[in-house]
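Whenever a hint applies, use it, and build me the whole structure from the sequences.
Residue numbers (this note's numbering), protein chains in the order written: chain A, 1 to 318; chain B, 1 to 340; chain C, 1 to 282.
Be a bit skeptical, because a hint or two may be false.
[Said to hold, decoys possible] So the derived label-pair ranges between C-beta atoms look like this:
{"#": "1", "chain 1": "B", "residue 1": "Thr178", "chain 2": "C", "residue 2": "Arg18", "range": "41 to 47 Å"}
{"#": "2", "chain 1": "C", "residue 1": "Lys111", "chain 2": "B", "residue 2": "Leu68", "range": "45 to 51 Å"}
{"#": "3", "chain 1": "B", "residue 1": "Thr137", "chain 2": "A", "residue 2": "Leu77", "range": "43 to 49 Å"}
{"#": "4", "chain 1": "A", "residue 1": "Ser16", "chain 2": "B", "residue 2": "Lys7", "range": "48 to 54 Å"}
{"#": "5", "chain 1": "B", "residue 1": "Gly4", "chain 2": "C", "residue 2": "Val144", "range": "48 to 54 Å"}
[Said to hold, decoys possible] Simulated coverage check for chain C against chain B, where a stretch passes if three residues somewhere in it have a Cβ under 8 Å from a Cβ of chain B:
{"#": "6", "segment": "78-92"}
{"#": "7", "segment": "116-126"}
{"#": "8", "segment": "165-177"}
{"#": "9", "segment": "211-219"}
{"#": "10", "segment": "264-272"}
These aren't lab readings, by the way, just hints derived from the structure by calculation.
For each residue, glycine too, the CB sits at the ideal point set by N, CA and C.
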Amino acid sequence: MLLEVKNLSVYYYTLSGVVKGAEGISFSVREGEWITFVGESGSGKSTVAHAVMNLVPSPGRIVSGEVLFNGRNLLKLPGEELRKIRGKEMTMIFQDPMTSLDPLRTVGDQMVEAMTVHGVDEAEAKRKAKELLEGVNLPGDRFNYYPHQLSGGQRQRVSIAIAMAFRPKLLIADEPTTALDVIVQDSIMDILNGMKEEGTSIYFVTHDISLAVERSDRIAVMYAGKLVEVGTVDQIVENPLHPYTKALIEAVPDLWKEGKVRAIPGYPPDLRSPPSGCRFHPRCPYAKAGLCDTEEPDFREVERGHFVACHFPGVWRK
Amino acid sequence: MARGLGKYIVIRGLMIIPMILILYTIVFFFLRILPGNPILAVVGTKNIPPEQLKHLEHLAGLDKPLYLQYFDYLWKMLHGNLGVTLASPMGKPVSSYIALRLPATVELTIFAFTVSVLLGIATGVLGAVKKGTSVDTGMRVYSIVAYTLFIPWFGMMLQYLFGVKLHWLPTSGRINPTITSFHSITGLYVIDAIIERNWAALGSILKHLVLPSITLGTVLSGAYTRLVRNNMVDVLSQDFIRAYRARGVPERKVLWYALKNAFIPVVTLMGLQFAILLGGAVLTETTFNWPGMGTFIMDRINYRDYNSIEGAVIVFALFVGLISLTVDVIYALLDPRVEY
Amino acid sequence: MRLIDYIINPLRGRKPGRGLLLFGTSVVLTVIIMALLAPWISPYNPTQIGADIFAPPSSKHLMGTNNLGQDVFSRIIWGSRIILYVVAIATTLSIIVGVPLGLLSGYRGGKVDRTLSMIMDSIYSFPSLILAIVIAVVLGPSPVNTAIAIAFVYVPTYFRMVRGQTLSLKNQLFVEAARAIGVKDWETMRKYILPNVLPTVLVVFTLSVADAILTEAGLSFLGLSVTPPTPDWGYDLRVGQPFLLDGYWWLAFFPGIMIMLLAMGFAMIGEAINERLSLGTR
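This is the structure in structure tokens:
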């Protein structure tokens, strides 16, 4: 197993209270697979992605859990060891291409540095950087450009090019296409797919489940700081077991052909004081008083490789 | 790019001219148009023979119509002639006095400026890195306290502590007067001492600079603390910083890049801060008996020597203008997003 | 929201900036009360020369006596009157001149705006203390003249702020609507723009009062404000300097501390209000 996350919890200590951004998260990522994390904004999907890199922004703190990457717990690793892994064996790209490159330095400087900090010599890094740019369909002369001279899509491609430098085992992509228009979105997804074919596991984060379906091997659904369902794409799309997953899929026009497009009623809860029991129960049409509002459902394997945290998985089909 | 920058500097430099003209006009208005004869003010009595008064007025150019006085002075100014002193010693070129005093102020302000920027960055970065902790609160209080420190008081307390109580540092002047081997060339003593390889003098000069520059620098550092802290917090939360970390860039380098980004808005503050610094220099010079432009103005004020005051104001305006020009050029060079 | 609410609201509940505001207001109020009650709380006549010179702080003379045997504490109490008086006049004058000019410049635009802005920017970018010194010297030493000198250099601060606000308000729907239905220009400014500018004026006021206090103290330290024997913090500090170097620290220490406390008080109020306002708009 490439990545194993066990019982991970991340809290944000804000002035207005402790926000439980993610709680009790456990999952794993296999070598060479594409796993997509889906959820509304504030569901904790980005928080978990950052925690896997041990990059939770202040005032957030990882309060418990383990992140085992190739068997080593990244949360316990000394800074220098962690640094050597980051960028080389695992790396991350971010949502907003406008802010994910240093505006004061040229694309080339940033690319070369990403390699030299891992011991590549400068000349070799320069040669490689131009090659990488071409690999993401950018002319080599972009090497000398400043980020503000590039479009959003071009910048995101630069970020990906940097990420590809060492053919990492794991790439975490936090909504990398959200800020881009559809056509550019597609080309970015293709590049990521290419990386996957060369053996990199893709950990993709998105709020758009339709984007997840096409290329993922597996889908993980998050709600209100909890992982509620994990399974293969087929399992999730054809046979969703959590009412929230079902609602998410129904909210997408094309996927659920017979049903009407339905928005999920209600709002995600305030994570400073999440609902008792199952966190989805206030919005769940199948919630049963006395159980769902008091007892938190276990996250368990219902069929092979298909996990869900619900007292009544798939209840609507019975 | 080099040509573009040259053009930018010229255009930006031309903008100093109206500023100097406006300040000259304001000062001229206050000094010449308001009632009261400066010559009488200088002499301090009305019982002066009319011929002598006429002679003095003629010497000072005060017998001409106001608009002529205005343009006369302006014309002279363009040629670097700031008129003659109106009070003892009378009739000496103002510019020669200023040439004597300006380097002292330049030296003091350069050191104070350095102190203020270094202190401001250090405290600001500390606040940002320890955001939300008591250290952050401490730095915030520091910024307000530093900003409201009254220069003469703070200077005196330093004099009392390091001069009177501990005998570590001198409390007035630029150099120990018993050092006779030192001769100033440029007026910038530090540079002169280095040119002459006069290390004893250099030691004394640097010692004399410590308290005045710390006084002025600390007071000015508060504004930077605040700005650096807020910018740094802002920059540290941006994706590119996390991206650097995700790529395995060492933390020290990451902080350096963050600082560079946080520093850009600080550069724009520097021009304005320098003006405040010059204002503060008058108080610092008075407190530490520093023979610069500030004490020059105060000396001439005692004699009601309006020509000298006018000349000093023009020189200050030019100084401020050149500094803000330099700041803008530095800004354009630092930030690739600036078009010029 | 009424103007006063901007001060009072942050005092309610535990909100960021409350500590600053509490400290600031209590310092400022204390000094104001001190100035108002000076004749009753001052233990001695502040200008009374006595034989007991350079007496260190004691129960008899809380802050000691100076080189003339005057009670420093009494001079501190009376000295609060001058500085508050000068700063109050100065600030009022700057607002009276700066705010309307800013409104006019921002609202009218064109040549008027360009000329005014250029003049104001020139004054603004010049060291304010030096300009104030020149003006104070020409006008001669008196509290009102000092106030005029200070007012002159702070006009641009209000002008710039109000002008900027007016520029952005001018294009807002409710102002355009008023102009479209034929409301006169000065009425538009008074009824539609001015009320929206006032909160900013309040922030600029609290922030620049601290500066004005330090400028006043600077002028009087340089001997350009009042004439002796009037008790005055800045001047007393100046007088105390040579004696400080002889070890009589209390002559200079207390006046300076008071100047800074008062400036700090206003700066903290300004900071807190600024924070509330910007939090509200964020």
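Whether chain B covers the segment 264-272 of chain C (at least 3 residues having a Cβ closer than 8 Å to its Cβ atoms): Satisfied; 4 residues make the cut.
Range hint compliance [Cβ, threonine 178 of chain B to arginine 18 of chain C, 41 to 47 Å]: 56 Å, violated
Hint check for lysine 7 of chain B and serine 16 of chain A - Cβ pair distance inside 48 to 54 Å: Hint holds: Cβ distance 52 Å, inside 48 to 54 Å.
Cβ separation of threonine 137 of chain B and leucine 77 of chain A, checked against the hinted range 43 to 49 Å: Because 32 Å falls outside the window, the suggested range is violated.
Coverage claim, chain B over the segment 116-126 of chain C, checked by counting residues with Cβ within 8 Å (three needed): With 7 residues closer than 8 Å to chain B, the segment 116-126 of chain C meets the three-residue bar; holds.
Whether chain B covers the segment 165-177 of chain C (at least 3 residues having a Cβ closer than 8 Å to its Cβ atoms): Check failed, 0 qualifying residues.
Glycine 4 of chain B paired with valine 144 of chain C, Cβ distance criterion 48 to 54 Å: Since the Cβ atoms of glycine 4 of chain B and valine 144 of chain C sit about 52 Å apart, the hinted range of 48 to 54 Å holds.
Pairwise beta carbon distance, lysine 111 of chain C to leucine 68 of chain B, judged against the given window 45 to 51 Å: With Cβ atoms ~28 Å apart, the hint is violated.
8 Å C-beta criterion, at least three residues: is the segment 78-92 of chain C covered by chain B: Not satisfied, violated; 0 residues make the cut.
Claimed coverage, the segment 211-219 of chain C by chain B - three or more beta carbons nearer than 8 Å: Satisfied; 3 residues make the cut.
Hint check: violations occur at hints 1, 2, 3, 6, 8; the rest are consistent with the structure.
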